[in-house]
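4 protein chains.
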Amino acid sequence: MAPRSPRIVALLSGPDQKGLVAKVSGWIFENGGNIIHADQHRDQEAGVFFQRVEWSIDDGSDPREMTSAFQACGDSLGMKTQVAISGQAPRVAIFVSKFDHCFHDLILRWKAGEFPCEIALVVSNHRNLEAASKSHGIPFHYIPVTKESKAEAEAQQLALLKQEDIGLVIMARYMQILSPIFLDTFGQPTINIHHSFLPAFAGARPYHQAHAKGVKLIGATAHYATPDLDQGPIIHQDVARISHRNSVEDLVRKGRDLEKMTLAQAVRWHLENRILVYDNKTVVFD
Amino acid sequence: MAPRSPRIVALLSGPDQKGLVAKVSGWIFENGGNIIHADQHRDQEAGVFFQRVEWSIDDGSDPREMTSAFQACGDSLGMKTQVAISGQAPRVAIFVSKFDHCFHDLILRWKAGEFPCEIALVVSNHRNLEAASKSHGIPFHYIPVTKESKAEAEAQQLALLKQEDIGLVIMARYMQILSPIFLDTFGQPTINIHHSFLPAFAGARPYHQAHAKGVKLIGATAHYATPDLDQGPIIHQDVARISHRNSVEDLVRKGRDLEKMTLAQAVRWHLENRILVYDNKTVVFD
Amino acid sequence: MAPRSPRIVALLSGPDQKGLVAKVSGWIFENGGNIIHADQHRDQEAGVFFQRVEWSIDDGSDPREMTSAFQACGDSLGMKTQVAISGQAPRVAIFVSKFDHCFHDLILRWKAGEFPCEIALVVSNHRNLEAASKSHGIPFHYIPVTKESKAEAEAQQLALLKQEDIGLVIMARYMQILSPIFLDTFGQPTINIHHSFLPAFAGARPYHQAHAKGVKLIGATAHYATPDLDQGPIIHQDVARISHRNSVEDLVRKGRDLEKMTLAQAVRWHLENRILVYDNKTVVFD
Amino acid sequence: MAPRSPRIVALLSGPDQKGLVAKVSGWIFENGGNIIHADQHRDQEAGVFFQRVEWSIDDGSDPREMTSAFQACGDSLGMKTQVAISGQAPRVAIFVSKFDHCFHDLILRWKAGEFPCEIALVVSNHRNLEAASKSHGIPFHYIPVTKESKAEAEAQQLALLKQEDIGLVIMARYMQILSPIFLDTFGQPTINIHHSFLPAFAGARPYHQAHAKGVKLIGATAHYATPDLDQGPIIHQDVARISHRNSVEDLVRKGRDLEKMTLAQAVRWHLENRILVYDNKTVVFD
Chain A
1 MAPRSPRIVA LLSGPDQKGL VAKVSGWIFE NGGNIIHADQ HRDQEAGVFF
51 QRVEWSIDDG SDPREMTSAF QACGDSLGMK TQVAISGQAP RVAIFVSKFD
101 HCFHDLILRW KAGEFPCEIA LVVSNHRNLE AASKSHGIPF HYIPVTKESK
151 AEAEAQQLAL LKQEDIGLVI MARYMQILSP IFLDTFGQPT INIHHSFLPA
201 FAGARPYHQA HAKGVKLIGA TAHYATPDLD QGPIIHQDVA RISHRNSVED
251 LVRKGRDLEK MTLAQAVRWH LENRILVYDN KTVVFD
Chain B
1 MAPRSPRIVA LLSGPDQKGL VAKVSGWIFE NGGNIIHADQ HRDQEAGVFF
51 QRVEWSIDDG SDPREMTSAF QACGDSLGMK TQVAISGQAP RVAIFVSKFD
101 HCFHDLILRW KAGEFPCEIA LVVSNHRNLE AASKSHGIPF HYIPVTKESK
151 AEAEAQQLAL LKQEDIGLVI MARYMQILSP IFLDTFGQPT INIHHSFLPA
201 FAGARPYHQA HAKGVKLIGA TAHYATPDLD QGPIIHQDVA RISHRNSVED
251 LVRKGRDLEK MTLAQAVRWH LENRILVYDN KTVVFD
Chain C
1 MAPRSPRIVA LLSGPDQKGL VAKVSGWIFE NGGNIIHADQ HRDQEAGVFF
51 QRVEWSIDDG SDPREMTSAF QACGDSLGMK TQVAISGQAP RVAIFVSKFD
101 HCFHDLILRW KAGEFPCEIA LVVSNHRNLE AASKSHGIPF HYIPVTKESK
151 AEAEAQQLAL LKQEDIGLVI MARYMQILSP IFLDTFGQPT INIHHSFLPA
201 FAGARPYHQA HAKGVKLIGA TAHYATPDLD QGPIIHQDVA RISHRNSVED
251 LVRKGRDLEK MTLAQAVRWH LENRILVYDN KTVVFD
Chain D
1 MAPRSPRIVA LLSGPDQKGL VAKVSGWIFE NGGNIIHADQ HRDQEAGVFF
51 QRVEWSIDDG SDPREMTSAF QACGDSLGMK TQVAISGQAP RVAIFVSKFD
101 HCFHDLILRW KAGEFPCEIA LVVSNHRNLE AASKSHGIPF HYIPVTKESK
151 AEAEAQQLAL LKQEDIGLVI MARYMQILSP IFLDTFGQPT INIHHSFLPA
201 FAGARPYHQA HAKGVKLIGA TAHYATPDLD QGPIIHQDVA RISHRNSVED
251 LVRKGRDLEK MTLAQAVRWH LENRILVYDN KTVVFD
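Residue numbers (my numbering), protein chains in the order written: chain A, 1 to 286; chain B, 1 to 286; chain C, 1 to 286; chain D, 1 to 286.
Source of the hints: derived by calculation from the structure; they are not laboratory data. It is possible that some hints are incorrect.
[To be verified] Taking lysine-lysine and the DSS-like style, the derived pairs with C-alpha atoms no more than 25 angstroms apart in a straight line are:
id	chain 1	residue 1	chain 2	residue 2
1	A	K80	A	K18
2	C	K281	B	K98
3	C	K281	D	K80
4	A	K281	B	K98
5	A	K23	A	K98
6	A	K98	A	K134
7	A	K18	C	K18
I would like the entire structure built from these sequences, with the hints used as guidance.
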């Protein structure tokens, strides 16, 4: 593909008011931008307006100046405004334990160009994926976690995330709960994959729960991590059909594909600045 | 289609033992039957064996005699045994309130020949579907239900079901809870459609619950009714994708299609003698 | 629901140019409209811009005047422009033969309020659905078609469509091919349901073709009818899983659900002014 | 899991005859086997019977002797009979070119224990995946193919397959057509993944064909390779939804997931001896 002119993506949300689309698109036009996509949604009951708008700018313009200027425009409209330069890849940390399917899947998709980000490091409480990380040229940090050492381990993780300027943590089947303090201190988005169709089967061993209940579909849910375990805003969900013939082991195997696909989709949407969080729910401009 | 020779379907379940398939198929062969389909499943953990076997019999044979004889065979093997003559249509009652989509769907499928049964009557706590029932030639029984009259209404329903020799009740969005006493006294299977992906969103107003939670898929669950509300053995489940754009009204609309399809599939499997209940779960030989 | 202020929906397409979104949304704002939804798409390769925009207008404004004014605005921008008053229900004719599942499905959805239209009449080359149509209060026109009488029959149909001011024909498994002359003379959209996943299995007896080929999924395709049989712009497609156990009759049964769902979705999108046709393909703003 | 007693899987097909199930299950019982699963299908139109039966044998028995004995039993019944010792892993060769997603997917699933086989070697007409193969400890054979060298290259491939005792070739997006002579000489199954919903879009560049046609779903098809290009017996197919927003590049990206999942499922079924080929179609006992 030929190199293309830089693009800017803005996400706005706030109280609905007349003429918002006109004001935003007028501002972009006057400042030399050309809208590529724009999508908006009004929550009629709550009276809230959501917009995602993506525009290309003239080759001569400075995208950083324009993002600052647009931020001011959004503020002046009284809207919560996030602006990003499309393709400005955030630095990402993958947290993983022993289950490696999501880990490999994320790395391979990243190498195939599916994720506009920089996978900067891997954090794990086990050494199993050290060699694999290094073979891909990704620094691997072994930080063991025990009941006693958990606070210390989180402090070490936080220092690392700060030092490495990480803008997104992906919990790729990381089998530790990140504490409210960790999430609060990190202050950046954290995406988790839970291996059930939430809110069903939250907590531990969801495939065992599903098998015991006799459901006919298993699911996976990618969501932003919040202090309430398995209760954060849902980004994406999918299901697969099972039958009485399937043992728990079969559910685990089928679930691996669900988890990989669901997490990867959520990560891609996040990296493409397609997600707005509102009222513990997500608006996904896909 | 040319008339075909009668068929017998048997469902067996019980403790696993060596040679069960050979014994059952040997018995059928020796008694002049020809196996059309046979399917079995072993729950390895529980050591339980499940089988569905369907066979055609010689034109000269009496299917009733053979079902009795096979019943004895199954008993002698120590297996729980149900035998049915394929195509011997059970008499069915539809319970419905005001929502009519499942009602119309069931009737039209039945008229199209999808259900091997006799829809013998409709019971409703409202008069809305009286004309529609009658236009299809199906007796309609208006039995209003209030908190005070519930016991009396159920007694009236039970008398009707007994008098009409009903072998299956379908709750096609019947907005009353059938009491444990009703279910126990009726003693025949009752299939209910719940408008969520159980165990998520059991109870009232599941679409409102789903909307509030921000899930990305809505579901429907067809299950046998038991005294524990929304906790009976699940027969079939399906889901549909929704987005932040969808209001509760959209969920209700999309859900109608899910409910129709899910209930119809469960009813067809039941009528084709494909379902075994075990440990509050179902084995569906599809 | 409370009565809501009138809404206008516009569909625009044409060569891309800078500031289109700003110009359109600015016009709407200046004319007292409030954008509810707006969605646009650019075909990067072809340099073509597509937009759907829906806005509410002040109670005092006259929606007809505004549609005329916007039409002029779109024309002045050099865009192909269609404007409709949301909720202004077009008059629809259903063409059907003997298979009745799509017919019943359309009527029941319409009665449930899913389709913003007026089903004005039914045309059939058989009498089978005469009573059903009349029971719903819909005029039924029996127009038999033979090889010899086809031209005459089409003339009769066209006169009827014109006289009844029909804006959409739905071919709900109408087993006759509408001639190029018919389609050209009618001049309004015609939606057909084909019972395969086009372009596979075009033409006659697609379920038999699918069975013979041994495919593992069957499909249905809703498309606008054009003079090239089964080659018109595809609106919607869906599939269902089949197995070697399924006979052609099973495919027909499963296909009925596919056909109903796929046709209904296409019709709803059409009636909600969500479809733009371009280059024998559709842009669906869903 | 505890070590389990050896199992035998037999696939039988042939003209239907009375008592087949009884004869087969009786033989197994008399020879000390215990049936774990048995599934059969009758093609009513063609009068052909298909069966898959899997049984465990006593620890003292020799599975090889029993397979020979059962082979003789099947022959005496006039049935085409294949018998395999479950878990006796065939040796597999992966053929691949530059697209590496199916390659990585197959290797990772194999390492995760999803495939009961031995991936013995990789053959490629490019050197791209040499390092990756070797890092997994799998011998890599670079065999370039040009128009002129094709016959020679195939001779080299065939020698390799014979020498390494390969029982299955997987074409994991191998961008060369294997000649009829190759397939005939190899004489063992070859599974190919085609990136469309066959029979639609056979041949080259199916995603471009799909984009040009404006279909709303893309597909993938895993099938046995035969001398007729893209016409071999279909094992598995799946689809994914696309929209007008998707460019050809998006189709390629979405298609990668489809191709991986569809090929992996077909390979697993094959390795579990679940597939019977008949009349250029497959019977899959899943």
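For each hint, the structure was consulted:
no.: 1; hint: A:K80 <-> A:K18; verdict: 16 angstroms, holds
no.: 2; hint: C:K281 <-> B:K98; verdict: 41 angstroms, violated
no.: 3; hint: C:K281 <-> D:K80; verdict: 49 angstroms, violated
no.: 4; hint: A:K281 <-> B:K98; verdict: 32 angstroms, violated
no.: 5; hint: A:K23 <-> A:K98; verdict: 51 angstroms, violated
no.: 6; hint: A:K98 <-> A:K134; verdict: 16 angstroms, holds
no.: 7; hint: A:K18 <-> C:K18; verdict: 23 angstroms, holds
Checked against the numbered hints above, the structure violates hints 2, 3, 4 and 5; every other hint is satisfied.
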